[in-house]
Amino acid sequence: MRISFWGLLVIAFGFSWSITAFEHNPRTERISGSAGDVLEDDPVGKLKVYVYELPSKYNKKILQKDPRCLSHMFAAEIYMHRFLLSSPVRTLNPQEADWFYTPIYATCDLTPTGLPLPFKSPRMLRSAIQLISSSWPYWNRTEGADHFFVVPHDFGACFHYQEEKAIERGILPLLRRATLVQTFGQQNHVCLKEGSITIPPYAPPQKIQARHIPPETPRSIFVYFRGLFYDVNNDPEGGYYARGARAAVWENFKNNPLFDISTDHPTTYYEDMQRAIFCLCPLGWAPWSPRLVEAVVFGCIPVIIADDIVLPFADAIPWEEIGVFVAEEDVPKLDTILTSIPPEVILRKQRLLANPYMKRAMLFPQPALPGDAFHQILNGLARKLPHSKNVYLKPGEKILNWTAGPVGDLKPW
Amino acid sequence: MKLSALHQSYLSRRSNSFRSSGPLDSASDAGYKSSAAVFWLILHGLCCLISLVLGFRFSRLVFFLLFSTSSSNLYTPPLRSAAELAKTLDVHSVQSTNPVANTLQLPLPNKTATNSRVIVGRHGIRIRPWPHPDPVEVMKAHQILERVQKEQRLQFGVKDPRTVIAVTPTYVRTFQALHLTGVMHSLMVVPYDLIWIVMEAGGVSQETASLIAKSGLKTIHVGFNQRMPNSWDERHRLESKMRLHALRIVREKKLDGIVMFADDSNMHSLELFDEIQNVKWFGAVSVGILTTSTNSAESLDRKEDEENPRMPIQGPACNASNMLAGWHTFNILPFAGKHAVNIDDRLTVLPRKLEWSGFVLNSRLLWKGGEDKPEWIKDIDMLDGDVESPLGLVTDPSVVEPLGSCGRQVLLWWLRVEARTDSKFPPRWVIDPPLDITIPSKRTPWPDAPPELPAKEKPEMGIQDPIVKHATKTRTSRSKHRSKRKHETRTDTQASTRHAEQN
Chain A
-7 MRISFWGLLV
3 IAFGFSWSIT
13 AFEHNPRTER
23 ISGSAGDVLE
33 DDPVGKLKVY
43 VYELPSKYNK
53 KILQKDPRCL
63 SHMFAAEIYM
73 HRFLLSSPVR
83 TLNPQEADWF
93 YTPIYATCDL
103 TPTGLPLPFK
113 SPRMLRSAIQ
123 LISSSWPYWN
133 RTEGADHFFV
143 VPHDFGACFH
153 YQEEKAIERG
163 ILPLLRRATL
173 VQTFGQQNHV
183 CLKEGSITIP
193 PYAPPQKIQA
203 RHIPPETPRS
213 IFVYFRGLFY
223 DVNNDPEGGY
233 YARGARAAVW
243 ENFKNNPLFD
253 ISTDHPTTYY
263 EDMQRAIFCL
273 CPLGWAPWSP
283 RLVEAVVFGC
293 IPVIIADDIV
303 LPFADAIPWE
313 EIGVFVAEED
323 VPKLDTILTS
333 IPPEVILRKQ
343 RLLANPYMKR
353 AMLFPQPALP
363 GDAFHQILNG
373 LARKLPHSKN
383 VYLKPGEKIL
393 NWTAGPVGDL
403 KPW
Chain B
9 MKLSALHQSY
19 LSRRSNSFRS
29 SGPLDSASDA
39 GYKSSAAVFW
49 LILHGLCCLI
59 SLVLGFRFSR
69 LVFFLLFSTS
79 SSNLYTPPLR
89 SAAELAKTLD
99 VHSVQSTNPV
109 ANTLQLPLPN
119 KTATNSRVIV
129 GRHGIRIRPW
139 PHPDPVEVMK
149 AHQILERVQK
159 EQRLQFGVKD
169 PRTVIAVTPT
179 YVRTFQALHL
189 TGVMHSLMVV
199 PYDLIWIVME
209 AGGVSQETAS
219 LIAKSGLKTI
229 HVGFNQRMPN
239 SWDERHRLES
249 KMRLHALRIV
259 REKKLDGIVM
269 FADDSNMHSL
279 ELFDEIQNVK
289 WFGAVSVGIL
299 TTSTNSAESL
309 DRKEDEENPR
319 MPIQGPACNA
329 SNMLAGWHTF
339 NILPFAGKHA
349 VNIDDRLTVL
359 PRKLEWSGFV
369 LNSRLLWKGG
379 EDKPEWIKDI
389 DMLDGDVESP
399 LGLVTDPSVV
409 EPLGSCGRQV
419 LLWWLRVEAR
429 TDSKFPPRWV
439 IDPPLDITIP
449 SKRTPWPDAP
459 PELPAKEKPE
469 MGIQDPIVKH
479 ATKTRTSRSK
489 HRSKRKHETR
499 TDTQASTRHA
509 EQN
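So the protein lines, in turn, are chains A and B.
For the first sequence, the working numbering begins at -7 and goes up steadily by one.
For the second sequence, the working numbering begins at 9 and goes up steadily by one.
No lab work stands behind these hints: they were computed from the structure.
None of the values given here were measured: they were computed from a predicted structure.
Any given hint could be a false lead.
Unchecked claim - Here are the computed lysine-lysine pairs in the DSS-like style, where the Cα-Cα straight-line distance is at most 30 Å:
no.: 1; chain 1: A; residue 1: K325; chain 2: B; residue 2: K262
no.: 2; chain 1: A; residue 1: K351; chain 2: B; residue 2: K148
no.: 3; chain 1: B; residue 1: K262; chain 2: B; residue 2: K249
no.: 4; chain 1: B; residue 1: K148; chain 2: A; residue 2: K325
no.: 5; chain 1: B; residue 1: K148; chain 2: A; residue 2: K246
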């Protein structure tokens, strides 16, 4: 009797102790997505990646020609290459590799203003694939099904910045079986293949870390947005750019003092985001934008206005619990939607955003840190293992059509 | 169509001019041709007007309707005021006038239409009928903002915030409402508990009490039975006495918190209140001094080639290891002989060497017989003389803690501005309730004012004369009262009659 009494006391004490341990850090909350609690997984040991040795005309020489490629939002392809070269998942023995990586910087042909031109990229990729299929046997044995490519351009491997032309082209025929790591993601879209890995666009981590303000600065802006509403150069009448959603935001809320929206380019852009509760992330010409990365890093709840968008690392990060999704047709009711969110939900979202792994998963820091975007990509690749049996082709079987696609793509590069 | 109309009109114009050179040609032909030209011109003008009304070029619409063979989705024009959307086909592909290309485009819209709900192309811009903020929603948004900021304070702000005890010496005068309201609004927004001790020279008055009551704060309104003197030196001295009296009240009531001196014409930033929570016993912050330069005309041409004169700052000075090394005080030398002596002089008002408002202290320092009171604090009851600055309260000035990143942040600003003889009341200033006794003044200081002043105006301002003031010191200070009460009218009639005699 006495022993059971003391035992009960010990159990009660232990229970209360564990409860207090749980509330040890009320500022952040654990993140677990549809694939489970995978944000902090370590990919080392789960997969092996072989990096092809391509001649420098595919990577180093392109970068030398234009070093701006290192800081624009498509720089993920360059940094992924550098990360893989020195990562423990890299193997020098292709026989034991699970995945094969082709280091080609296809998005580095920039105009004088800094926008990448995708016109030569299909030819470049085709030439690279021809090279690897003739120099190594690994492409031909699976026709690229265990190869992955980083294609961070506007519409991924469709290689065009205009959506109709991109849809028209479709994904490059030679990449039909490969895994694509891209920033573009929209459900039921031609340019998003089944099994692709969506990644965030590149945002320079040093610039972001340098602009933090003290966390006790009160958040006094309700909704914040800086950017274009009408693209007068390419779409003067409106209605085409952003499917009319950005213009609708402007027309409905330009008089609303709760919405701090304008087309300015303030120098305090990052600091202002840290003083806002909601940051709008509407689509532009393409549904993705670096605003999502900036909002997550600065703790501002992203309001995503892009129908059917697929957000980065969607299986590892539960975006519905972190951000607010607003359909494009509900934009006129945006203020009603945002003010009717209960404060507890808002506080929970801010706690999820405050999780340091969440912020790290959106960035590409150099040198790489555990849990950053590089590791999330490797985790995604690891989750696709082991390869199914139909990946390996039977001898003599050919699936890819090497002459498909527009005639201009067949010219050698 | 527009192109062809233009082309036609151009040709017809050319042919017309050609024809006019040869009037021998058949006039009927000319008439027929010109009517065709006129018809095209009119049609062109009509199309322009329609485009203007609709807001877009509807030629594309006509092209589409005329030349497309089959259309799965009809195109309805996106009106800016429409609340409904019309999903459209790929209009750009229809732009090409080649009908063969159109048939090629047909499978494309079908592909997007079946695969995705989201269609590429021109969409309408949805605007709701009343795109203005709804007040209920604005209130909800502010509640959300408050809740988020409260959470931020809980997580990152000061742990266990202490009560702020603000000490304000004041007296009834023209600009009292202006200054006191400013301080009051700052104190109302402070997120911590607050006790406001208002010391009033000349006794407790109704004006001050009604002003303070609007704040909703916990106030202690105490009257000091001396009248506020007319020269700045004496005013500063009286204010120091009033502040000491307030500290005695803190000691009597055993108020617990942080004592700060909020003079009624100072300007405080809210970071000040966050920063003073860090004080342990006795702290000092940097005060920016805003001296009103009334001789701005001379100073302008002198300082044109110099850089902007920097704002003088009073406060703690630190050495490289962030320890208190000395004090920045106010340099009186540039103003020697040119500063204001009396309250309504038109010259610069100077602060003391170290202003009271730059210091904060833990109220436990003032308690009698405190347990762990440091030994460098002097007992207030023992102090009977004048204390120029709070440093007179401590025996060893080096124990003062510098706040605000060691004095580098200016957290409040000192200013002394009072109404002068040439001050004009702002338009629509109402004296409420109206004055009981008013007399017209014989000399008005405003050359543009009408000679007959209406009964509601304050005539006493015109009576202020330096000579007169010197003799009737107390009377002019009373004349600065804006609203009179019944019990004061008798003494005022005496004052005004005496003035009338002298004038």
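A quick look at each hint next to the structure:
Taken as a hint, the K325/A and K262/B pair is broken in the structure, with Cα atoms around 55 Å apart against an allowance of 30 Å. With a CA separation close to 29 Å, the supplied pair K351/A and K148/B stays within the 30 Å bound. The straight-line distance between the Cα atoms of K262/B and K249/B is roughly 20 Å, inside the 30 Å bound, and the hint therefore holds. At most 30 Å may separate the alpha-carbon atoms for a hinted pair to count; K148/B and K325/A meet this at roughly 15 Å.
The straight-line distance between the Cα atoms of K148/B and K246/A is roughly 19 Å, inside the 30 Å bound, and the hint therefore holds.
Hint compliance for this structure: hint 1 is the single one not met.
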